[in-house]
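**Student:** These protein sequence lines are chains A, B and C, in that order. For the first sequence, the residue numbers in the working numbering are 2 to 317. For the second sequence, the residue numbers in the working numbering are 412 to 754. For the third sequence, the residue numbers in the working numbering are 323 to 613.
Calculated directly from the structure, the hints in this document are not laboratory data. Treat the hints with caution; some may be incorrect.
Stated by the list, open to error - Output of the computed footprint for chain B on chain C, the stretches with three or more beta carbons under 8 angstroms from beta carbons of chain B:
(1) 464-478
(2) 534-547
(3) 557-564
As the list claims (entries may be wrong) - Within a straight-line C-alpha distance of at most 27 angstroms, the following computed BS3-like cross-link-like pairs (lysine-lysine) qualify:
(4) K238(A) <-> K477(C)
(5) K127(A) <-> K356(C)
(6) K238(A) <-> K356(C)
(7) K266(A) <-> K612(B)
These figures come from a predicted structure and were not determined experimentally. Virtual Cβ for every residue (Gly too), placed ideally from N, Cα, C.
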Amino acid sequence: MTDVTPQTATDARLAEARRQTMGAARRRRWQLLSPALLIIGLFGLFPLTITLVYSFLSPGSYGGVRWEFSTDAYVQFLFDRDIFDDTLSFSATYLNIFARSIGLALGATIGSLIIGFPTAYFIASKPANQRNLWLFLITLPFWVNLLIRTYAILLIIRDEGIINLSLIWTGLIDQPIGILYTDTAIFIGLIYSYLPFMVLPLYASLEKLDFRLVEAAYDLYASRLQVLRHVIVPMAKPGIVAGCILVFIPALGAYITPDLLGGGKQLMIGNLIALQFGGSRNWPFGAAAALILMVVVMVSLTVYVRYSGKEGNGRG
Amino acid sequence: MTQKRTMAATLAAAVTLAGTAWGEGELNIYNWGNYTNPELIEKFEKEFDVKVNLDDYDSNEIMLAKVREGSSGYDIVVPSGYTVPIMIEQDLLAEVKPNEMENFGNVDPRWVDVYWDPGRNYTVPWLWGTTAFTVDTEVYDGDINTLALMFEPPQELSGRINMLNDMPEVINAALRYRGYERCNSNTDELRDVTELLMNAKQHWRTMDYATIEKLTSNDVDLSQTWNGAAMRAREQRPTLQYAYPKEGFAGWMDNAAVLKDAPNMENAKSFMNFMMAPENAALNSNFARYASGISGSEEFMIEELLDAPEIIIPEGAPEPDFVEPCAQEVTDLYNRIWTKLKQ
Amino acid sequence: MAERTPTQTPATVASPDPAAPPPRRRRRMKDLRKQPGFDTMAWFCLFCLYAPIAVLVVFSFNDNRSVVRWTEFSLRWYRAAFENDGIRHATWISLQVAFVAMVFATTFATMAALATTRVRAFKGQTLTYAVINQPLMVPEIVTAVSTLAFFVLIKQVTGLNGIGFLMLAHTVFCIPFAYMPIRARLEDMNLTLEQAAADLYGTPFQVFRTVTLPLMAPGIVAGAMLAFVVSLDDVIITLLVGGPGETTLPVYIFGQIRRGITPEINAVSTVLLGLSALLVSIFFLIGNKRK
Chain A
2 MTDVTPQTAT DARLAEARRQ TMGAARRRRW QLLSPALLII GLFGLFPLTI
52 TLVYSFLSPG SYGGVRWEFS TDAYVQFLFD RDIFDDTLSF SATYLNIFAR
102 SIGLALGATI GSLIIGFPTA YFIASKPANQ RNLWLFLITL PFWVNLLIRT
152 YAILLIIRDE GIINLSLIWT GLIDQPIGIL YTDTAIFIGL IYSYLPFMVL
202 PLYASLEKLD FRLVEAAYDL YASRLQVLRH VIVPMAKPGI VAGCILVFIP
252 ALGAYITPDL LGGGKQLMIG NLIALQFGGS RNWPFGAAAA LILMVVVMVS
302 LTVYVRYSGK EGNGRG
Chain B
412 MTQKRTMAAT LAAAVTLAGT AWGEGELNIY NWGNYTNPEL IEKFEKEFDV
462 KVNLDDYDSN EIMLAKVREG SSGYDIVVPS GYTVPIMIEQ DLLAEVKPNE
512 MENFGNVDPR WVDVYWDPGR NYTVPWLWGT TAFTVDTEVY DGDINTLALM
562 FEPPQELSGR INMLNDMPEV INAALRYRGY ERCNSNTDEL RDVTELLMNA
612 KQHWRTMDYA TIEKLTSNDV DLSQTWNGAA MRAREQRPTL QYAYPKEGFA
662 GWMDNAAVLK DAPNMENAKS FMNFMMAPEN AALNSNFARY ASGISGSEEF
712 MIEELLDAPE IIIPEGAPEP DFVEPCAQEV TDLYNRIWTK LKQ
Chain C
323 MAERTPTQTP ATVASPDPAA PPPRRRRRMK DLRKQPGFDT MAWFCLFCLY
373 APIAVLVVFS FNDNRSVVRW TEFSLRWYRA AFENDGIRHA TWISLQVAFV
423 AMVFATTFAT MAALATTRVR AFKGQTLTYA VINQPLMVPE IVTAVSTLAF
473 FVLIKQVTGL NGIGFLMLAH TVFCIPFAYM PIRARLEDMN LTLEQAAADL
523 YGTPFQVFRT VTLPLMAPGI VAGAMLAFVV SLDDVIITLL VGGPGETTLP
573 VYIFGQIRRG ITPEINAVST VLLGLSALLV SIFFLIGNKR K
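Here chain A stands alone, though its shape is the one from the complex:
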C-alpha cells in the first residue's frame, strides 16, 4: 500500500533498479527481521505450542497436567456439567466473564483514546526540542510499580479520599459518592494503567504531521473540526491502530487493577486464567481459556485492522 508506484522518469528508473535488487532486498528484509522473529519464535511460539498441547490434556492432581487426551477443557467452557446431577447443560458463566472483561477493556481503550489523542497532539505541536521532555513526563509516573500506583488511586477515590472530601467541602454533595469497588473504579484504573500505551504510539505518528497541510485546509475554508477529521486523524491512523491494540489487549488480560479497585468480587478473564494455574489446579482449562481469549483477540484485531485499513483507502 505504501509502495512507490512509478510516476515520473526518476521513479521509473528507480523501480527498474529495485527490480534488479529485489533478491537482495528480500535477503535484507529477512536479515532485519530474523532477530525479532527468532527470539519470539523460540521463546514465544514454543510456549504457545505448550499451551495448545496442555489444553487437550487432563488436569494433573495438584496442578500440572496428566498426559491423557481430553477435550473436557473446551467442553467446560460452554457447558456446565451440573454440579449436582452430572448432566451437561449450556452455561453462560464463562461467556459472561468474557463479555464483562471485553466491555471493560473496550471502554478503557475508548477512554484512553479520548484522553490520549489530545495529549499526544499537544506534545507533537510543541517545539521539537521540548517533545522528548513531554514524553518523559507522560512515562515518569510509570516508574512507580503498578500495584503502588493503584493503591494511590485507591487513596484518591475512596469514600474518605480527596475527591469525595473536596466535593463535600465545596458543598456539591453531602454524602460521599461511592466510586471505589465499582466498575467505574476499574475503568479509571485501567485507563490510568494503560494511558502511555496510547499516547506514545499516537505521538509517534502525530509527530510527523505537517502543519502546512493543516494550514492549507484552513485556506480552503475548513472548520477546525473538519481539519481534525479530514487531515489530522487520517494522518494519525497508524498511531491510533497501534495505540488501541496496545491498550485493548493488556486491559483485557489485566487482573491486578480490577481486583484492587473493583473489590475482587467479580472475576475478569485474567483472574479466571490465573486461578486455573493456581488454586483451581486445572491447567488444561486455564490453557484452553487462554487460547480462546487469543482467538477472540486475533479475530477482533483482524476485523479492526481491516476495517481501519479500508477506511484509509477509501479516503485516498
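Using the hints, position chains B and C against chain A.
**Tutor:** Just chains B and C now, kept in the frame of chain A:
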C-alpha cells in the same frame, strides 16, 4: 550483518556471565513475602559464614509450579501444611531427617506427628496461625464468636465486610458455618453452601488478600483474616477484635523444607537445625507476629506477642481445624461454586 | 501512491517545523495548530497522571505503618528502605533487567519495523505481524508457566543459569511494545528522501544513518520508553522465571500483599522517581546546550 552477530554474542554473554556463583558458601531460600526476619538471615550468615539469597512468593501454587519443574536453584522452601504431602508425593523434597537433628528436642510435641509429615522426616515448623476474622467492636457490639457475622451479617456490618480472595478459605468457612465436612462432595450440602454464599455475597464489600489495608483504611469493619494480620491491624485500629467462631476456624502451619535438588544441601541442613533453636524461631515470631511451634521460644519473644489475644486461643474455643488437601474432584466442585459466585 | 498529498514534498518531511518563518506568520501558525479543548484535555491528562503520584510522595513521608492512613511527617521509611537489603537489591535487579530488555527489544523492534513497513507486500507478511505481536496476545500467566518449562529444559541441557534468562524473557515480551510505536512512525512515511539520498550516491549505511534513523527517532524513543516501563512493571513472568537472588521490585511488592505493604515501598518509589527525573533533566540540559 555484523551488528546482529554482536547482538547475539552479547545476549549469549549476558546469559553465561550470569552463571553467578551458586555453590559453596551460599544458601537460597524461597519463602513467602515479608515472612523472614532479616536479623535471622544475618545471624545465620555470620554463624555459618554463608551468603543467603532470599526470594519471595505469594502463594503455595506459584512456589509449587516453579519448584516442580526442577533446577530452580533453591535450597529451602516454606510450604504450608497442605502443600507438604503434595511435594513429598511428587518427590520434590529431600528426606533430611530433622527428627535426628540436634535441636529437634525443641519442637513442641504437638507439632511432631502432623498429618503432612508424620514424625517430621522432611520438615521443621516455621510459623503457625489461624484463619478466622476480625471485627470492629465499636461498630458491632454483640457476640462476635460466630461465623454468622460473615455469612448472615447484622444490619450494621452489611456492606462492610472483606473476605479473603481465597477459594478454600471461603468455601471451608461456609462449610463450617453449616456444620458440614470439609473436602465435601455431597451434592445436597454443596448446593446449600452455594446458596448461602450467593446470598452472603451482597453483604460483602470486597474480596481481597490485603486485609490489613482494608481494615486500617476503614473501608470495611469486618475482615476474614489471619491472626498475625489481625494483630497488625489492631495496632492501628485498637477497636478491632479477633474472633474465635464457635462453628470452628482454620489452622495452618508453614514448614521449612529442603528441596531434593538443593545445590547447597549441607547449608540447608544446617539451616533446618538452626530454625529449631528457640531464640531463632522467636526472631521470626517477633517479625511476623505468629507463633513458632518451638518450645522455649516464648522466652525470646517480644511482650506484645505473649499476651496477644490473636495468639492465645481462649478456653472453650474450638480446636483449630487443619484441613488436608482435597481430592481433585472436590477441588473441581469448589471451582465451579467459586466461579459461579464470582461471575 | 494514493495517500500521498501533493504538498508533502521531501522538504516538508525533513522539517515539520518550517525553519524560522516570519514572526507574524508564526503567530498565525501557532493558533492554527490548536484544536479547541485539546490543551485543556492534555493538562487534565497530566494532572490525572500525577495526582496519584503526588499522593504517593506525600505518603512516603508518613510516620504511620499503614500505606492508607496519614498520621504525621517522618523520614523513617526512607531510613528503613535504605537499610533494607531486600528492597535495595530488588530495585537494582529491576533496573538492570529493564535496561537490558529495553536495549535489545528496541533494537530488534527497530530492525523488524524497517523490514515490515514501506515495502511491497511480501509473502508471509501477515504471519510476520502475528509472530511479532504474539507475546502481547498470550495472557501473562500462560507465558510464565510455559516459559518456565522451556527455560528449565535449556538449563538442564546446557548447564547455564543466571539472570540472563530473566532478561531474555523480558526482551521477548517487550518487543511488541517497542515495535508498535516505531511501526506507527514509519508507516505512511514515504521513501522519497532515502531515494534522493541514494541518488546522491549515499551508501545504504550512510542513507540509513543520516536520513532514515533521524526520521525514525521519535518512534524509537517512544518505543524504548514503553519497553522500559513494561519491563519495570512485570510481575507474573518474573515471579516464575526468576532464579535465586533475582527478585525484582514488583515481585517483592507482590509478595507483601498478604502481610501488608509497608511505606518503605513508597519511599523507594519516590527515590526512583526523583532519580529518573534528575537523570533526564541532565540529558535534556546537555542536549539543549549542544544545540
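**Student:** The structure should be examined with respect to each hint, and the outcome stated for every one.
**Tutor:** Do the hints match the structure? See the list:
no.	hint	result
1	464-478	holds (count 6)
2	534-547	violated (count 0)
3	557-564	holds (count 3)
4	K238(A) <-> K477(C)	violated, 44 angstroms
5	K127(A) <-> K356(C)	holds, 11 angstroms
6	K238(A) <-> K356(C)	holds, 19 angstroms
7	K266(A) <-> K612(B)	holds, 8 angstroms
The earlier numbered hints that this structure contradicts are 2 and 4.
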